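S.K.: Please take these sequences and the hints and turn them into a complete structure.
Protein chains: 2
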Amino acid sequence: MRLVIARCSVDYAGRLSAHLPSATRLLLIKADGSVSVHADDRAYKPLNWMSPPCSLKEAEDNLWTVTNKAGEQLIITIEEILHDSSHELGVDPGLIKDGVEAHLQELLAERMEVLGEGWTLIRREYPTAIGPVDILCRNAAGGTVAIEMKRRAGIDAVEQLTRYLEFLNRDSTLAPVEGVIAAQTIAPQARTLAEDRGMRCVILDYDELRGIDNKEDRLF
Amino acid sequence: MRLVIARCSVDYAGRLSAHLPSATRLLLIKADGSVSVHADDRAYKPLNWMSPPCSLKEAEDNLWTVTNKAGEQLIITIEEILHDSSHELGVDPGLIKDGVEAHLQELLAERMEVLGEGWTLIRREYPTAIGPVDILCRNAAGGTVAIEMKRRAGIDAVEQLTRYLEFLNRDSTLAPVEGVIAAQTIAPQARTLAEDRGMRCVILDYDELRGIDNKEDRLF
DNA sequence: GTATTTATTTCGTGC
DNA sequence: GCACGAAGTAAATAC
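Protein chains in written order, with our numbering: chain A, 183 to 402; chain B, 183 to 402.
Read the hints as simulated data drawn from the structure, not as lab findings.
Check each hint, because a few of them may be wrong.
For chains that are exact copies, the list does not tell them apart, and a pair is met inside one copy or across any two.
Said to hold, decoys possible - With a straight-line Cα cutoff of 16 Å, these simulated EDC-like cross-link-like pairs (lysine to aspartate or glutamate) come out:
| hint | residue 1 | residue 2 |
| --- | --- | --- |
| 1 | K239 | D193 |
| 2 | K227 | E242 |
| 3 | K227 | D214 |
| 4 | K212 | E262 |
| 5 | K212 | E240 |
| 6 | K227 | D274 |
| 7 | K279 | D193 |
| 8 | K212 | D243 |
| 9 | K212 | D274 |
| 10 | K212 | E254 |
| 11 | K239 | D214 |
Small disclaimer: the values here were computed from a predicted structure and weren't measured.
M.R.: Written out as structure tokens, the structure reads:
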């Protein structure tokens, strides 16, 4: 990893055109060849960048050109270098995450009974013409139920489930299909809309879902 | 801006839980108080971060704690510091962009004929109770058409246009109103849904839109 | 201030 | 490899 603090101007020509007037910035050149330009604010987003794979060419006159496969270019005109250091970092072991939507979906699929006795999984990510339904299952009476899962359900989740139900109900081998919104939190307006459309709303407790008879799956 | 290269482990406790095992990384502390942790790959995304406003507290035993208003925490355990430097950057003049959705909309409004001979603009950003329609126009037969524009159209664009059409069609001076999705790329599932709902899909070519009889608007 | 929309989104996953 | 949806989305813009 190479860290350069420099007064520079930057031009990007690719999916759009962008220009950065002259100022002092951090240029971050990583081992994978990627380059990013950072100002002294915003933790997350660089002002400008080129994702790998790409190649950096430094011309003598302090003109850096970063090019990728698609022909997009980042042109950095260096006016003054204030700092320049390189560091050996090695491969990062990577981030370990816990508590995202996919995790919730796995847990619920393994424990359909939290929705009601006798409920059984048909499959996760059940495909339709407009995309996969998170969970398709059967209730105790044998009726088909489509479940839309979210960490936090908003109106968009209700709209999404509405579309799926519309398509699923055209399939005579499945119809009638009921809908369930399952989430850790459900926005009040989303609940109102969902119930207005005859959907059931279920609050999921993450610790409970993975805790009750699933102790061997715990991380601790 | 402070640049620290350190062997460290990191824990994030907030909207989710995440852990980074010990490794050598870049810690980027910016003037706005934000902190980000970078590995030696990926130009755009830090491994972990805390957006401003937040505060960094350095305990003597090399335990850094970054906290934000919501109580989320980033805990960095420093094992060895390999580099530590600070730099004065000043305020950045910021990025100047060209070629985004607003630009596409201007160009299409000036050249309605790309949608069909005899098509005429009624107005851009036509107001409705639920927000402005990108473009409202008339086709050769005199019928009203609402256009939803996107650089990349997804299902959300189709839903948006559906809502607009629902409201516009309640206005007897306009009804019946047809719908057009116009974008540089349209996701296949979005196209399926749009055509299912009787909307027309049009692919826009940016260079062609601004090139054909619009040379005076070119930048070069 | 909040809510909505955009993004050179990036990133993982299923097919 | 493509397409789709999630993200600690973040960031900009409208209201």
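S.K.: Now look at each hint and say whether the structure bears it out.
M.R.: Now for the hints, and whether the structure bears them out:
| no. | hint | result |
| --- | --- | --- |
| 1 | K239 x D193 | within (15 Å within a copy, 37 Å between copies) |
| 2 | K227 x E242 | neither (29 Å within a copy, 30 Å between copies) |
| 3 | K227 x D214 | between (18 Å within a copy, 13 Å between copies) |
| 4 | K212 x E262 | neither (21 Å within a copy, 21 Å between copies) |
| 5 | K212 x E240 | within (15 Å within a copy, 27 Å between copies) |
| 6 | K227 x D274 | between (20 Å within a copy, 14 Å between copies) |
| 7 | K279 x D193 | between (36 Å within a copy, 10 Å between copies) |
| 8 | K212 x D243 | neither (22 Å within a copy, 29 Å between copies) |
| 9 | K212 x D274 | within (12 Å within a copy, 23 Å between copies) |
| 10 | K212 x E254 | neither (18 Å within a copy, 28 Å between copies) |
| 11 | K239 x D214 | within (14 Å within a copy, 32 Å between copies) |
The structure shown violates the earlier hints numbered 2, 4, 8, 10.
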